[in-house]
Every structure is written in structure tokens, then in C-alpha cells.
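Engineer: If you're matching them up, the sequences are chains A and B in order.
Take 960 as the starting number for the first sequence in the working numbering and just add one per residue.
Take 18 as the starting number for the second sequence in the working numbering and just add one per residue.
Hints were generated in silico from the structure; no laboratory data involved.
There may be inaccurate statements among the hints.
Claimed, not checked - Derived, one-sided and incomplete: chain B residues facing chain A with beta-carbon distance under 7 Å:
1) Ile585
2) Leu590
3) Thr595
4) Lys601
5) Glu669
6) Asn672
Ideal placement from N, C-alpha and C gives every residue a C-beta, glycine not left out.
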Amino acid sequence: MYNVLVCDDDKEIVKAIEIYLSKEGYNILKAYNGNEALKILKNNKIHLIILDIMMPEKDGIETLNEIRKTASIPVIMLSAKSEDEDKINGLNLGADDYVTKPFNPLELIARVNSGIRRYTKLGNIKDEENQNIYSTGDLIIDDNLKKVSVDGNEVKLTPTEYNILKFLTQNKGIVYSIEQIYKNVWEDEAYAAENIIAVHIRHIREKIEINPKEPKYLKVIWGIGYKIEKI
Amino acid sequence: MKESRILKCTSYILIPILTLIIIITAFYEVGKEVVKEDNYNSEYFKTDDFLNNFMYLLSDGTSELIYDNEKYNSVEDGENKICYYGNFEEYNYNNIKDFYYLIQYQNLAFTNVELTENTNTIDEIKNYITQEDGKKANIINGNVEANSELIKNKALKYFNRFNFTYYTINIEEQNQNLNEYEYENMTEEYYTEDEELSTNTVTREKEYHETNIADFQIYTTYKEEILLGTDNIILEQIINILSPYEQIMIYIMPVSAILLALILIYLIISIGHIKGKEEIDLNDLDKIPLEIIYIISFFIIGMIICIPVAIIEYNNTNLNLFISLFLLAYFVSYVFGMSSLVTTIKRIKAKAFWKYTITGKICKWFIGFCKKIWKALKGGYNSITATWNKLAKLILIIFLYIIVSIILMAIFNILGLLISIGIGIYLLYKFNLRINCYEHIERHLKAIYDGDHSSKLNPDDFTKEFQDIVKYINDVSSGFENAIQEGIKSERMKTELITNVSHDIKTPLTSIINYVDLLKKENIENEKAKEYIDILDNKSQRLKKLIEDLVEVSKASSGNVKLNMEKIDICELIKQATGEFEDKFKSKNLDVIYNANEENIYINADNRYMYRIIENLFVNISKYALDSSRVYIDIIKNDLKVKIAVKNISKERLNITPDELMQRFVRGDKSRTTEGSGLGISISKSLTELQNGKFTLNVDGDLFKVELEFDII
């Protein structure tokens, strides 16, 4: 039973999150401002925090700073601030994830699951060095078994999708254009590549990402190409 | 009275007629005298005067013949010598051929008869003269034979001179100072070079020739009827025609003159008055500069009068031609002369004599100019019109400089010139300083025009004349600067406001969305309740989308977007985007036809915003394109630009203009409210322009066409 601390000044939102997460089997602790959250954190064993930014008394950013002084528990920022700068700022300050309001409850649940898994099972992955196993973050490709898993959940890919993902993961961090991907995966001249690759990539993203519109692993660099983020 | 048209017209008709009468009378009187004078000339030969002159001439001629025959043209006739004195042209007789003479002295002869075959010798000439009809006076052996007592007496009187003793002088010029004058001056007085009268004591040798009238033979004939008449036949003809009316004319002329004077006075009073008008009426003619009217009239009248005058001069005898040309000239002159007169009178009466003259205008301008300069020099203008002040000073300086230079040069010559050049260079230097100031100001204004409002002019860089201008310019540019800053600030505040408000809306909206979602998961039996929840779900999602778009459009249109420009391949991007939308297009059975004239076309853009533009267009296509139609994506590259054209067929009739479509919150089909915020095109347009692109939208029937244009790199 994992404890999730939900901190938001809007009580209804806290309650809604409680309803969703309770169904997933989490134990919810509620706080309505930063000070309360810190107090609860001090007195309880918490596995994940969902933290609003704009709160009275002590806002989310300050609270996050306090938390990071002592604990490395996963923090998901939940804010109406949806600007890029806000997200970047939040993540740089030590947040593990950033969800904007209004959020999709399923996405939030998935992100909470991911955070908890990563926090609790951290260090379990030892075979990263193994041959034929490629990974970035919680995305693991086992080329021996031809299996792909994200956050421990197995993902089913078509052979082409698998090859594309494997190629990109093998060369994580490097951006490849459609043409280059075609050449490397099909080992053929990209003659009429058109948008086949783009379609495959989208399918892969839909399978491995929690929110395909804001991919964590397989990123689109518009007008340039695609890459697997090095995490 | 003043305004009667009939009276005026009558006046205009009467004036030339009356004037003509006066002119003709005057012409007649003058002409009569001229003709009389001419006729007097023709009678001259019959008078004592002529005879006196004639005889004197002959006697003079004979003495000339003796002393000085060497200077005449002569012909040798055996032992005789015939000299030609020439015609009596210097006495201005026209028909001199009707007048002959011959003077003989020993073997010398003097004549005016033309030498022909029949008049080669003295005797032949004598015969020729004596055979001619006319009055004759022959003096042979001292006896005068004449067919007129009068001539005989005259001849005797004049030819008595020949009894005098004539002598030739052979001067022994002992004194070289003698002038030729002394030769003729038969006294022994002479003038020395000092112009003093002195007497000479030279010895002379004198040769005496005693002559007598009997030594001469003189033959003369002149015709009784030598008709010289008048020079001018036309004049004489006219006088002849007019002479019967002489008496009438003498009475008519004063009457005409009085009448003319009255009419002129009436016209002077009435000219310019028109029925129903208080003031003097000036028409277009009266506004033509007076000098021009005068000059034109003067030339036309002058030229046309030359024609009849020329006819008289060249002695043309066609009277009718003369009269018709005279009348033509007269009436043309009348029209022009009268017009000039009338307009002059009108102008004077309207007190606008100077108003419509070139001279008047020049004077007015000059006086105004002088006044302005005077006023400016006195400093009468305020600083706004200080330019005048400066210009006046400049003119004064140049003027003074010229005068000073002239004075300097007049007094000190070369040194003065050098000083004057020195002063000139100094003035040019000062002038150049001001020109530099002007140029500086011009550059600065150009900078302001180009958008640099922050820099200011430093008053220390300018001469004191420019201080005001510099202050004004600085104030204006600060004004601009402030206005722009205000504008940017207010735009930013607007964006911030929208962003903040959107945050505040998003929080309650989160609760709505979540609880609607929770409600959906509740086990609700009631179908209506389920339907209502669906509507709530739908609308809350739409509200969410609207808020997001609202923030975006306000940021994009205010330019409040951080762009991360990099080199991207527009073809790759289109491929990626079509890949993203493949499912959506497929679900509507849209056939995407991609066409690019090159594989890779690079532009400078922010890839995320570039994708937003394309995404919005594709979203629109997936929403509004006709099912099972084709979507064309053309990427056309030319020298400097790449054009991305996206065309599709609209499902609904597009009943609004492209401009309306590009405005915020407008959708192709106004009645539909289900999805989208209507901001897509507006956002795309703003983002395109932020990335230095061009966004054009065309609607042609159901064809919906968007064109993006970017510079290629």
C-alpha cells in the first residue's frame, strides 16, 4: 500500500484525485497548502507527492525546494500553469513530472503509477549493461527476447515498429531524419519513404508513451527528425 | 442709362465711324499740303529761282572748266577735249535728261549730254542740244540768243562775270609750312602750324588768263514741260477724290469730334456696369495681365498698319487695294485698341489696375518679401517661424559680404581681394557648420523613421540656431518611444491578463472535468441524466480547448512568443505531420497528394511553432474537408522562397470572406458550435508572420487554399 500525498488548495480537485487514486489502491493523504504538506511529509512515510503550484501560504515551488532538501521521493507537479517555461522551471527544480490542469485522470494515474514504480523499484535494473538489451529511462528493449517494456509493462509492437524503436534506442539522443531511419531499418534507399516512417513513429508513440502528445521517450523534432531521449 | 446694352453697342459702332471721319479729314488736310508741296516742286523750273540757280551753275561750271578740267571724266575729240560734269543730281532734279547744256572754251567742252554715235564731237552735241524743243539760251561770241526775254536777261546778267580776269598761280613754296588752304585763299595771309594768322612774303609767279564772255560758247535747252509731279500717286488720287467734299468735311469734323468725345465720356462712365450687379464686372479678359494685352495689341496694330503704309511707300497705284487694306487695318486696330482701352478703364474703375499686372504682382511680392525680411530682422517673428529670421540674416550677410568685398577690393586691390577671400572662406566654414547640423538632423530623422526612437540628439553638437529644432525632435522621439513602450506594455499586459485569467478558469474547470468524468463512471440508470452528462463532458472539453487556444492566440498575435529559430526541412516536417494525421485523414477517406519539386528544402523557423501552423491547417482539413475528396499539398521552391500550398474542398459552403476567416473566433460555418475554437487560422497566421513568413488564404467556390511562404536558406 503506497502513500500518495495530494496537495492542492482546491479541495474538490484533491477529492477527485483521491477518488481516482483510491480505486488504483493508493492511500491518499491530503494537504491544502505547502506547510501542511511538509508537516504530513515529516510525519508519514510518503511514496509520491502530487503538488499544486499556486497555493496560499507556501506555494508549490517553495514546497518542492523544501522537500528536495531532505527527500528524493517522486513529485508530480499539477498546475494550471501550462507555459513551457513553467514546466521547464518545475522540472529543473526537482519535479519528476509535470501535469497541467485540466488533466486527464487516466494520464495522471498512469504517471503516478510510473513514478511509484520508478521510486520503489529503483536499482532493481541491473542488466542494463547486458548485451542486446537497450534502454532509456524505464523503456527497455530486450533484443534477445524481442520484447519491449515501459515502466515494467510489456508493450506489443509490430516487427517494423520494433526495428525502428530498436534503431533509435541503440542510438539514443541522436536525431534521425525519416530518410536516415528508412535507410538504416529497411537497409534500402529511401525512395518513396513519404510518411510511412512518420505513421510508424506515431504508432510506436501511442504504444509506449503515457501521453503521446507530450512524449517522454520518442520525441519528434519537427522538420528535422526523431530521436529517443537519453534519460 | 449706365446699364443700357443698346447704348453701349451703338457707342462701339459709332466710335470707329466718327474716328474714321476725323482721320480722313485730317488725312485730307495733311495730304493736301503734301501734294501742294510736290506740285510746287514741279513748277520750280518755271520760276526765277530756278533760272537764277541755273545761270549761276553754268557760270560756275565755266570757271571750273577753265581751272580744273583735269578732275573730270573726259573724252578726246581730235583737238578738242569733252568733259563731263555729270548730272545735276546733287540738285535733286529727277528728269534731268530733259535739260541739256554745253559750255565750250577754246578746245575744251563741258556737257551733260550722253555720248553716243551721234554725239561724238562738240558740233554734234551742239546740234543735238539746239534741235531739242524747249527753252533755249545760247551764248555765242558774247551775244545771247534766247527764245525768252527773261532768260536772255538772266544770261546776260550772269555771264558778265566772264569779263573778270582769272589767273593761275605758280607758287614757289619757300615756306614749307604753307597749307593747301592758302592756295585757294588768294590773299597772302596764311595760318602757321600754331594756328596763328601771319602774312607770307613769298615771291610768286603769276600767269594771267584774261577771259571774256566772247571766249565762250554756251548752248542750253530745257524743256518747257518738265513734269516732276508728286511722288505719291495714291495720295494724289485720294486727295482728288476727296477735294469736292472739302467744304462738308470741314463742318463734319468738329461735329464728329464733339460727338466722339461725348460717347467716350459716356463709355468711361458706363463701362463695367452690368445689370443686377453692384460692383464693376471683370470678365476673363480683364484678368489677363495688362502688360500682355498691351504688348499683343501693340504688335498687332503696328504690324497691320504697316501694310497700307508700305503700299504708299512702294508707290503701288492700286487705289482699291489700298482702301480695303486700310479699312481692314483700321478695324483690326480698332478692335484691339478699344479692347485694351476698355479693359484698362474697367480695371481702374474696379480699383484693380495693379492686381492683374505682372509688374503689380512682382512689386507686391517684392514688397512682401522686403517686409518679411524687415520684420524678421527686427525679430518680430516668434521662434516657430525662426527660419525666416535665419534666412533674412543669411541674405543680409551675403549682401554685406558683397559690399564689403567690393569696398575692400576698390581700396586695397589685391590685398583687399585676399582679405575678401579670407572672409568668404570663414563665412563658408560657418555655413558648412550649419549644413553639417542639417545633415545630422536628417540622419537622425531617418533613424527615427526607421524605428530607432531611443537615441537622442545632443544639443551640444549644434549651433544655437538649431537648439529649438533639436529640442522639438528630441521631444517627438521621446513621445514616440513612450507611445511604443506603452503599446508594448499594454499588449503584454493584455496577454498576461489572458494568461492569468486562464489559470484561474482552469482550476475550477479541472474540477468540472474530473467530476463529470466521475459522474460518467457512476452507475446511472436514467438515460436522460446520461445524455446530460455527455453534453457536460463535451462542453467542458471544448471549454478547455478554448482556453488553451485563447492563451495561444493572444501570445502569438502580440508577438509574446519565444522563438527558437533553427534550420529545418519543410518537406520532412510536412511528411512527419501527414504521418501524424494519417489516421484522421484515412477515417474521412481523404486522399493526400503530396508534391514537392525538391527533396529537401530548408527554412529558418521554430520547429514546434512551424508544426503548430501545419497542425492547425491539418486539423481544419480533417474537420471541414469534404469526405472522400483529395487534399493537395504542394511545396514549390523558387530562387529565394518556398511556397507551401494546402488545398482542399470544403464540406460546407463557405459563405464568408478569407479576411473574415483569418479573424479571431471565426469559423467557416458560423452555425456550428461543436468543436474547435475558431482560432486555428488566426493562430497559424500570427505564428507564420512571427517567423517572417507570409500567410495567404484563398476561397474559390468550395476550394479552400492556404499558402505559406518562407525565405529559403
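Engineer: All hints are to be evaluated individually against the structure, with a verdict given for each.
Structural biologist: Tested hints:
1. With its C-beta approaching chain A no nearer than about 3 Å, Ile585/B sits inside the 7 Å limit, and its interface hint holds.
2. Satisfaction of the interface hint for Leu590/B is found here, the shortest Cβ-Cβ separation to chain A being roughly 4 Å, below the 7 Å cut-off.
3. Contact between Thr595/B and chain A, as hinted, is supported at the beta carbon level, the nearest pair being about 4 Å apart and thus within 7 Å.
4. With a least beta-carbon distance of about 11 Å to chain A, the hint placing Lys601/B at the interface is violated under the 7 Å criterion.
5. Hint status for Glu669/B relative to chain A: violated, with the closest Cβ pair at about 28 Å, above 7 Å.
6. Here the hint on Asn672/B is broken, as its CB sits about 34 Å from the closest CB of chain A, past 7 Å.
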